[in-house]
Amino acid sequence: MRNDDILPELRQMYKDSPIIDLENGLMDARSLPKPVYERSPLVLTTVDRFNGPESDLLVKIYEKKDRGDEILPGVFWIHGGGYVLGHPDVDDGICEKFVLDANCVVVSVDYRLAPEYPYPAAIEDCYSGLKWMVDNADSLRIDTSRIGIAGASAGGGLTAALALLAHDRGGPEIRFQMPLYPMIDDRNITFSSHEITTESFQRVWNRELNMVAWKMYLGELDSDDVPQYAAPARAKDLSGLPPVYTCVGQLDPFRDETIDYVTRLAQAGVPVEFHLYPGCFHGFDAYSSDAIISRQARDEYVKAMAKALHS
Numbered sequence: 188m189r190n191d192d193i194l195p196e197l198r199q200m201y202k203d204s205p206i207i208d209l210e211n212g213l214m215d216a217r218s219l220p221k222p223v224y225e226r227s228p229l230v231l232t233t234v235d236r237f238n239g240p241e242s243d244l245l246v247k248i249y250e251k252k253d254r255g256d257e258i259l260p261g262v263f264w265i266h267g268g269g270y271v272l273g274h275p276d277v278d279d280g281i282c283e284k285f286v287l288d289a290n291c292v293v294v295s296v297d298y299r300l301a302p303e304y305p306y307p308a309a310i311e312d313c314y315s316g317l318k319w320m321v322d323n324a325d326s327l328r329i330d331t332s333r334i335g336i337a338g339a340s341a342g343g344g345l346t347a348a349l350a351l352l353a354h355d356r357g358g359p360e361i362r363f364q365m366p367l368y369p370m371i372d373d374r375n376i377t378f379s380s381h382e383i384t385t386e387s388f389q390r391v392w393n394r395e396l397n398m399v400a401w402k403m404y405l406g407e408l409d410s411d412d413v414p415q416y417a418a419p420a421r422a423k424d425l426s427g428l429p430p431v432y433t434c435v436g437q438l439d440p441f442r443d444e445t446i447d448y449v450t451r452l453a454q455a456g457v458p459v460e461f462h463l464y465p466g467c468f469h470g471f472d473a474y475s476s477d478a479i480i481s482r483q484a485r486d487e488y489v490k491a492m493a494k495a496l497h498s
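All residue numbers for the sequence shown refer to my numbering, where the first residue is 188 and numbers rise by one.
By construction, these hints were calculated from the structure, which means they are not laboratory data. Note that beta-carbon positions come from the ideal geometry of N, C-alpha and C, so glycine has one too. Any given hint could turn out to be false.
As the list claims (entries may be wrong) - Within a straight-line C-alpha distance of at most 30 Å, the following computed BS3-like cross-link-like pairs (lysine-lysine) qualify:
no., residue 1, residue 2
1, LYS402, LYS251
2, LYS494, LYS423
3, LYS490, LYS318
4, LYS318, LYS423
5, LYS284, LYS490
6, LYS252, LYS284
7, LYS494, LYS284
8, LYS202, LYS251
9, LYS252, LYS221
10, LYS318, LYS251
11, LYS221, LYS402
12, LYS221, LYS318
13, LYS252, LYS202
14, LYS252, LYS318
15, LYS202, LYS318
16, LYS423, LYS251
Said to hold, decoys possible - The following label-pair restraints were derived from C-beta to C-beta distances:
no., residue 1, residue 2, range
17, LEU219, ARG198, 18 to 28 Å
18, GLU257, ASP412, 41 to 51 Å
19, GLU460, THR233, 24 to 34 Å
20, PHE378, ARG226, 17 to 27 Å
21, PRO222, ASP486, 38 to 48 Å
22, ASN375, ARG451, 33 to 43 Å
23, THR233, GLN454, 39 to 49 Å
24, ASN290, GLY456, 28 to 38 Å
Take the sequences, apply the hints, and build the full model.
Here you go:
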């Protein structure tokens, strides 16, 4: 595939996107300007801290300003960034949309990043954040029987890993998981991984960036010893996991690993809803948030979360 295959409404954003060099310019990539959102006057955002596995961790809490004493579902949102980039602030816009359109409280954790903190730092931080949300359900006014977890890209990979980890550790109970275009397979062996390369898609997430990021995240782990909580595509038993909604662009290197994962989930008896978006590259809904296809995708996955938590 070529970048000529990108949907016309996404092409200008692709052309305007900076080229990221993780191997030689990680600090530069981390210092790129964060997206600027018009914040909703209807949403209250607060910041708290809790004792994580090794240090205090920051969490952002999003809720309606006028919610009163209503007990609402909770969504634990995990930001993306290839396990090496990102911060909860980047996703203020989508967290506010969940609050308003899915009628819930959103908690987002600032987990530790690789390579300074390789696996299992990020997933253990996310697990601790989920437990903090559930343990503080009374003060957050969250219904612990209606908890969803969600994230995009590496956040999607951590969402899938968190569902596995919570299942195997006996809780917290998760009603719904939403690993959006998730980063779940460190092996980079799929057709789409070889198809979406620096040569063909230089300005968005591609095979070369993915391989560097995985190396940073896995640290000293040998390829034969990568656990399912690091790379959920390696999980052998997917039975008993929460229902899933996911999506991926057809021009995403994660396309085929996502398709394989949802196929295996369905074969294991897990309810799955899956959307494939033609002409869309990795993270299209964040790169070009005002595009028609981006608004459509966000509306569809937020609606799915609302349905799962309110039915």
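Identify every previously stated hint that the structure contradicts and give their numbers, smallest first. 1, 8, 13, 15, 16, 20, 21 and 22
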